[in-house]
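Chemist: Residue-level listing of the chains:
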Amino acid sequence: EDKVVQSPLSLVVHEGDTVTLNCSYEVTNFRSLLWYKQEKKAPTFLFMLTSSGIEKKSGRLSSILDKKELFSILNITATQTGDSAVYLCAVGTSGTYKYIFGTGTRLKVLA
Amino acid sequence: DTGVSQNPRHKITKRGQNVTFRCDPISEHNRLYWYRQTLGQGPEFLTYFQNEAQLEKSRLLSDRFSAERPKGSFSTLEIQRTEQGDSAMYLCASSDHGAFFGQGTRLTVV
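Which chain is which? The protein sequence lines are A and B, in order. Residues in the first sequence are numbered from 7 upward in steps of one, following the working numbering. Residues in the second sequence are numbered from 138 upward in steps of one, following the working numbering.
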C-alpha cells in the first residue's frame with residue numbers, strides 16, 4: 007500500500023531558527039511530490055517537485071527531492087511567527103490521479 | 138477572486154438528511170478533486186474529474202456519496218442519509234500543475 011510519512015509530527019522553535027521538515031514515501035510509480043502550508047483553513051500550495059536534486063525556492067522556504075532515497079525536505083530559514091502552521095506533503099503516482107497526503111508536521115514558532 | 142470557490146463554508150445538518158456542496162474551480166483547470174479532512178489528519182482522496190468525466194473514485198467512498206461535474210466546470214458533492222462520521226472538512230481542489238484548494242466546506246452532522 008502506498009504511504010507518505012512526515013516527521014517530526016510537531017516542532018516548536020523560536021523566531022529566527024531554521025527548521026527542516028521531512029517527507030518520506032513508499033509508492034509505486036512516483037510522479038510528483040507537493041508541499042502545502044495549512045493554517046486554520048484549506049492547504050496553500052507551496053511547491054511541486056518532480057526531479058531529484060533540483061531545489062525549489064520561494065523566499066525563506068526551499069525544498070528538494072531525493073528520488074533514490076524516497077524523501078523530500080522542506081527548509082524554512084529565519085522562521086517567523088507567521089510560519090506557524092501544519093505543513094503537508096502529498097505524493098502523486100502514475101496510474102492514478104489522486105495525491106496521497108501525509109498527516110503533516112505541526113510547526114509552532116515562538117516570538 | 139480567481140481561486141477555487143466552495144459553498145457553503147459551513148453546514149450543520151441532522152443525521153439522516155442529505156447535503157450538497159458546490160465547488161467552482163479555477164476556470165482554466167480541467168482537473169478537479171474532492172478530498173475529506175478530519176482533525177489531525179491529512180486530506181483523504183474522495184474522487185477526481187477530468188473535465189466532466191469522473192475518472193477515479195476512492196474505494197473508501199460509500200454509495201451514499203456521489204459527485205458530478207456536468208459541464209466540466211463546477212462540481213457538486215452530495216452526501217445522502219448523513220451520519221455523524223461524515224462530519225469533516227470537505228475540500229475541493231483544481232489543478233494544472235499541483236493542486237490548488239478551495240476554503241472547504243465544514244460539515245457537522247448532529
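Hints were generated in silico from the structure; no laboratory data involved. Please read all numbers here as calculations on a predicted model, not as lab measurements. A few of these clues could be false.
Claimed, not checked - Taking beta-carbon pairs under 10 Å as the criterion, some of the chain B residues facing chain A (in silico): (1) 148; (2) 149; (3) 166; (4) 177; (5) 178; (6) 195; (7) 229; (8) 235; (9) 247.
Said to hold, decoys possible - Straight-line Cα separation of at most 27 Å, DSS-like style, residue types lysine-lysine; simulated pairs: (10) A:46 to B:151; (11) A:9 to B:151; (12) B:194 to A:43; (13) A:9 to A:63; (14) A:114 to B:194; (15) A:114 to A:74; (16) B:194 to B:208; (17) B:194 to A:47; (18) A:46 to B:148; (19) A:43 to B:208.
Stated by the list, open to error - Derived list of chain B stretches under chain A, where covered just means 3 residues or more per stretch with a C-beta under 8 Å from a C-beta of chain A: (20) 183-194; (21) 239-246.
Glycine included, every Cβ here is placed at the ideal spot set by N, Cα and C.
Chemist: Given residue 195 (chain B) was flagged as interface, is its beta-carbon under 10 Å from a beta-carbon of chain A?
Modeler: holds (7 Å)
Chemist: With a cut-off of 10 Å on the beta carbons, see whether residue 178 (chain B) makes it to chain A.
Modeler: Given a least distance of 6 Å, the restraint on residue 178 (chain B) holds.
Chemist: Tell me if chain A covers the stretch 183-194 of chain B under the three-residue, 8 Å CB rule, please?
Modeler: holds (count 4)
Chemist: Are 3 or more residues of the stretch 239-246 of chain B near chain A, judged by a Cβ distance of less than 8 Å?
Modeler: holds (count 3)
Chemist: Within a Cα-Cα threshold of 27 Å, do residue 194 (chain B) and residue 43 (chain A) meet the stated pairing?
Modeler: holds (25 Å)
Chemist: For a C-alpha distance cap of 27 Å, please report whether residue 9 (chain A) and residue 151 (chain B) respect it.
Modeler: The hint is violated at about 34 Å.
Chemist: Hint validation: residue 177 (chain B) versus chain A, beta carbon distance must be below 10 Å. Holds or violated?
Modeler: Nearest chain A Cβ about 7 Å off; hint holds.
Chemist: Given the hinted pair residue 9 (chain A) and residue 63 (chain A), is their alpha-carbon gap at most 27 Å?
Modeler: holds (26 Å)
Chemist: A closest beta-carbon separation below 10 Å is what the hint needs, so does residue 229 (chain B) meet it against chain A?
Modeler: The hint holds - residue 229 (chain B) has a Cβ within 10 Å of chain A, the shortest such distance being about 9 Å.
Chemist: Per the CB criterion, is residue 148 (chain B) less than 10 Å away from chain A?
Modeler: Since chain A brings no Cβ nearer than about 16 Å to residue 148 (chain B), farther than 10 Å, the hint is violated.
Chemist: Straight-line Cα separation of residue 46 (chain A) and residue 151 (chain B) no greater than 27 Å?
Modeler: holds (25 Å)
Chemist: Interface hint check: residue 247 (chain B), Cβ to nearest Cβ on chain A, cutoff 10 Å. Holds or violated?
Modeler: Status violated, d = 22 Å.
Hint check: violations occur at hints 1, 2, 3, 9, 11, 14, 15, 19; the rest are consistent with the structure.
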